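So the sequence lines, in the order shown, correspond to chains A and B.
Numbered per our numbering, the first sequence spans residues 3 to 258.
Numbered per our numbering, the second sequence spans residues -16 to 298.
Because the hints were derived from the structure by calculation, they are not lab data.
Computed from a predicted structure; not experimentally measured.
Watch out, some of these pointers could steer you wrong.
Unchecked claim - With a Cα cut of at most 27 Å, we get these calculated BS3-like pairs of lysine-lysine:
(1) B:Lys256 with A:Lys121
(2) A:Lys123 with B:Lys42
(3) A:Lys254 with B:Lys84
(4) A:Lys121 with B:Lys68
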Amino acid sequence: MSNYNPAELTVIMGSRALQDGQLVFAGAGLPLLSAIHAQKMHAPSLSILFEVGGVAPRITSLPRSTNEARSVRRSVATPATIDMMLYLQRGFVDVGFLGGAQIDRHGNINSSCIGTLEKPKVRLPGSGGANDIASSANRVFIISYHEKRRFVEKVDFVTSPGFLEGGQAREKTGLLGGGVEKVITNLGILEFDKKTRSMTLAAVHPGITEDEVREKTGFELLVAEDLKTTTPPSDEELQSLRALDPEKRYLKAGDF
Amino acid sequence: MDYRKARQEIVAKNKGARDKRTTLEEAVGMIKDKDHVAVGGLQYTRTPMGVLWEIIRQKKQEITFYKPLMSFEGDWLFVSGAMGKAVTSWFSGGVTWGVSKIMRTFAERDPGTFEEWSLLGLSLRFKAGAMGIPSIPTKSMLGSDLEKIRGLKRFTCPYSGEEMLLVPAVNPDVAIIHSQIADKYGNAQIFGPPCLDIDTAKAANRVILTTEQIVDNEHIRDAPNSTNIPFFCVDAVVELPFGCYPHECYGRYEPAYEKLGEYGQGLLQAEDKIGFVREYLDKYFYQPADFEEYLELFGVRSLLETTRRGRIWPQ
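Next up, chain A with everything else stripped away, as it sits in the complex (with noise of 0.2 Å):
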């Protein structure tokens, strides 16, 4: 078994979880990294898709934000932001990548503020496209080193629409995308309960123990019938993976 860093597991999970044909909002960093992994390996057809208006960019170099000509260099359209944004709200974003200081049992996500917004211990930067990801993409894919700040019973401010309440609230508001598919992290695979939309873990990483995750985790952590244990990466995705970032801007060793 080769040896890879918490950075490059998740990384591959993430890009193992992404299907040939689909459309990807991919932000800049491991979601980034996972979509052009998942081109290389096995989802040729696979398209990504940024915010500032790039379609089906060729990346060469990676960029430092979604928000850049780097990130649309050679795209086959640059559309308006809005157009961007739109393409989420009629349904042709299949997976959207996200991210957060905080997500809840229910995948609802905080990247706004530490406290309450009016009184806020910590101002955090906002949005951006991430509300609008997390409203009507078709599937939410939520990438996230696993820590028990993090992962918390209820966040302080829903930014990012999850599973709201959990049950049928989500559905109920009139929400049109899928929400919250996946969790993955560097311990494992997290899905969702078909009714109370409490997470659940379906999977863990190879070396790592349910205790683990339950020991990193903030809330009472639901554990699947049929718990599994992902696949290790292989030397092919690890060397594929490494090209993509040789000065280790993103994939270095530690948290992320």
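Take the given structure of chain A and dock chain B to it, following the hints.
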């Protein structure tokens, strides 16, 4: 601004195809304290930096700035006093430079200075403004806390019964936009992503256009399908090469990452954050005699380097 009044502003406007070339100083003179100003581009792409630079130099105060995503320019606008409120979807230096400490200082002291919307929500506000309607429905933000804090009204579609949110139109007093080329009448051709600029130009009551290069009207007519903003939207045209620097202009130059990084790192390490930005403003904004002297401070090497990395013609 009041919906009917915003329409009246356009009704009363001189739509003549006249020569609108002017200086940066005069163009910015049309912006008043406390105006609502929409800023073109997105995060650090095609930011009309020259106009922001001149707004700060003219010591404008308490302007409400609308920008879909804000970067370090938000720090400079806050600390100079030019910005009373930021209306945006995201406000930080950049992904790799961490959360803006200046944004945190202002927004944690007075949360009203950072009005957050989703990116589509804010985009639709400009779309409604451009369409000449007072509000527009969307499925975004439903059920989130953004719906609650913005006090958005629910709307049931009378045809389908679908629940939606209504976002209010915005008609800013002035929009500031930078294009790669334009003619003297204000016909602007933007290359690469137009961001929200096409709607913004229609939504605003007045438009200040800076451009990398003023071209002959015949050149515009050779490729009319490339014109994103027609002359009648525009009130002032200023030729301003490197007008987005240290941000980028698609096809012409990339961001000056190393200069942005110097600022970002400097701010991160400075004990007195506000003092650090004040010194930066003094050196780069208040001291230079003109925009060219501002560019000289960063040096010809940086201008050439960003150009080499960013130019895409010829392929």
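Hints and how they fare:
no.	hint	result
1	B:Lys256 with A:Lys121	21 Å, holds
2	A:Lys123 with B:Lys42	31 Å, violated
3	A:Lys254 with B:Lys84	25 Å, holds
4	A:Lys121 with B:Lys68	17 Å, holds
Hint 2 from the earlier list is the only one contradicted by this structure; the remaining hints agree with it.
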